[in-house]
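Peer 1: The chain contents come next:
Protein chains: 2
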Amino acid sequence: MITSSGSAPSPRRRSEKSRRATLTAALELCAENGYGKVTIEAIAARAGVSKKTIYRWWPTKGAVLLDAVTELVVSHSEFPDTGDIDVDLRTHIGMLVNLFNSTVMGPAYRGILSQVLHDEQLARAVNDELVIPRVALVYERMRGAQEQGQLPPDADLPLAVEMLYGPLYYRHALGRPMPDPEHVETLVAHVMRALRSPERS
Amino acid sequence: MITSSGSAPSPRRRSEKSRRATLTAALELCAENGYGKVTIEAIAARAGVSKKTIYRWWPTKGAVLLDAVTELVVSHSEFPDTGDIDVDLRTHIGMLVNLFNSTVMGPAYRGILSQVLHDEQLARAVNDELVIPRVALVYERMRGAQEQGQLPPDADLPLAVEMLYGPLYYRHALGRPMPDPEHVETLVAHVMRALRSPERS
Numbered sequence: 001m002i003t004s005s006g007s008a009p010s011p012r013r014r015s016e017k018s019r020r021a022t023l024t025a026a027l028e029l030c031a032e033n034g035y036g037k038v039t040i041e042a043i044a045a046r047a048g049v050s051k052k053t054i055y056r057w058w059p060t061k062g063a064v065l066l067d068a069v070t071e072l073v074v075s076h077s078e079f080p081d082t083g084d085i086d087v088d089l090r091t092h093i094g095m096l097v098n099l100f101n102s103t104v105m106g107p108a109y110r111g112i113l114s115q116v117l118h119d120e121q122l123a124r125a126v127n128d129e130l131v132i133p134r135v136a137l138v139y140e141r142m143r144g145a146q147e148q149g150q151l152p153p154d155a156d157l158p159l160a161v162e163m164l165y166g167p168l169y170y171r172h173a174l175g176r177p178m179p180d181p182e183h184v185e186t187l188v189a190h191v192m193r194a195l196r197s198p199e200r201s
Numbered sequence: 001m002i003t004s005s006g007s008a009p010s011p012r013r014r015s016e017k018s019r020r021a022t023l024t025a026a027l028e029l030c031a032e033n034g035y036g037k038v039t040i041e042a043i044a045a046r047a048g049v050s051k052k053t054i055y056r057w058w059p060t061k062g063a064v065l066l067d068a069v070t071e072l073v074v075s076h077s078e079f080p081d082t083g084d085i086d087v088d089l090r091t092h093i094g095m096l097v098n099l100f101n102s103t104v105m106g107p108a109y110r111g112i113l114s115q116v117l118h119d120e121q122l123a124r125a126v127n128d129e130l131v132i133p134r135v136a137l138v139y140e141r142m143r144g145a146q147e148q149g150q151l152p153p154d155a156d157l158p159l160a161v162e163m164l165y166g167p168l169y170y171r172h173a174l175g176r177p178m179p180d181p182e183h184v185e186t187l188v189a190h191v192m193r194a195l196r197s198p199e200r201s
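In the order they appear, the protein sequences are chains A and B. The end of the first sequence is residue 201 by full-length UniProt numbering, with every number in the run present. The end of the second sequence is residue 201 by full-length UniProt numbering, with every number in the run present.
Here chain A stands alone, though its shape is the one from the complex (with noise of 0.2 Å):
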């Protein structure tokens, strides 16, 4: 292979282009066939690396579909700030009904969950590369809010975020579907009421 300059490929570039096909490779099998039937194998074979290669970067095909996902998830979605944190939550969980439905994604994050409640070493991995940041992300425009006004400087950040997230991964865990725009909407509005209502003491 020639690159456009006409020099050979550099071992970095080679391994990038390996990782990102190994990545592709996975997410296709596993909206193809589902997440029981997706082998190491199968991604090799598809990717056209070998399987030596995979397992240098990765302990199983839990990981390589997490990571798959996550690069999506990052890629895709800045992070929303309109200025009206209303508005920039409802898009924050339509994004997260969509990585459930998407048959890009979905699949491949809903078998990852499937293996996380037999697997503490990707569950470890799950709440550090991929939820723990994006929660990150909510709490820092959350804060970006206490500081024009919108919520108050108290509001309980870590409780209003299992509130939000919270619905969905009840519904997925008993296999109903995602709540529709509407429904997100309504539920953005109740969990920002309670942030903003006074205690009663």
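Where hints are given, some of them may not hold.
Copies of the same chain are indistinguishable here, so a pair counts whether it falls within one copy or spans any two.
Stated by the list, open to error - Dumping the calculated SDA-like pairs for lysine to any residue here, alpha-carbon to alpha-carbon at most 25 Å:
no.: 1; residue 1: Lys-51; residue 2: Val-138
no.: 2; residue 1: Lys-17; residue 2: Val-104
no.: 3; residue 1: Lys-37; residue 2: Arg-110
no.: 4; residue 1: Lys-17; residue 2: Ala-42
no.: 5; residue 1: Lys-37; residue 2: Arg-19
Calculated directly from the structure, the hints in this document are not laboratory data. On a predicted model such as this, the values are computed, not experimentally measured, just so you know.
Using the hints, position chain B against chain A.
Peer 2: Okay, now just chain B, sitting in the frame of chain A:
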């Protein structure tokens, strides 16, 4: 076997005894070995019933364990009604925390939820036999609170239930520990504030 009245046990009584022995054996094996290692064979052996008897009543081990958990949840928990809806919801959510954490029922319920992600029939059964009837009791209690003026007449009860249950299923899905009683109290207080505070137009 001789019953206290001296007559032979009726088929109905024998059958009820086998049913109970099966449910107890299933819960014990799940707590001892984990959901993944429970088999119908092992349940039958411990309960002293035939595999055929078990398959006559239940299609899968998940269905056996669902019946076992449902009976314990129903029998162990009269729905609370102290007259204070906030207190009663705290108690109710505390019971759901206990279901996840219990050494007897926790492994069974968490195992059932892992199976639900792969088994639509079990997903329907969990909703129809356990979750929906429990939620109906929450609605009933909340409607009582509406009549007593503790909740507004137009409160969105289904959303309230999702906001209360959601954080527990979110934590479960990501392998995180259940909330402690103080956190449950804060959660209930927030949901109640969301329901009670007026909508901004």
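Peer 1: Which earlier hints turn out false for this structure, listed by number in ascending order?
Peer 2: 1
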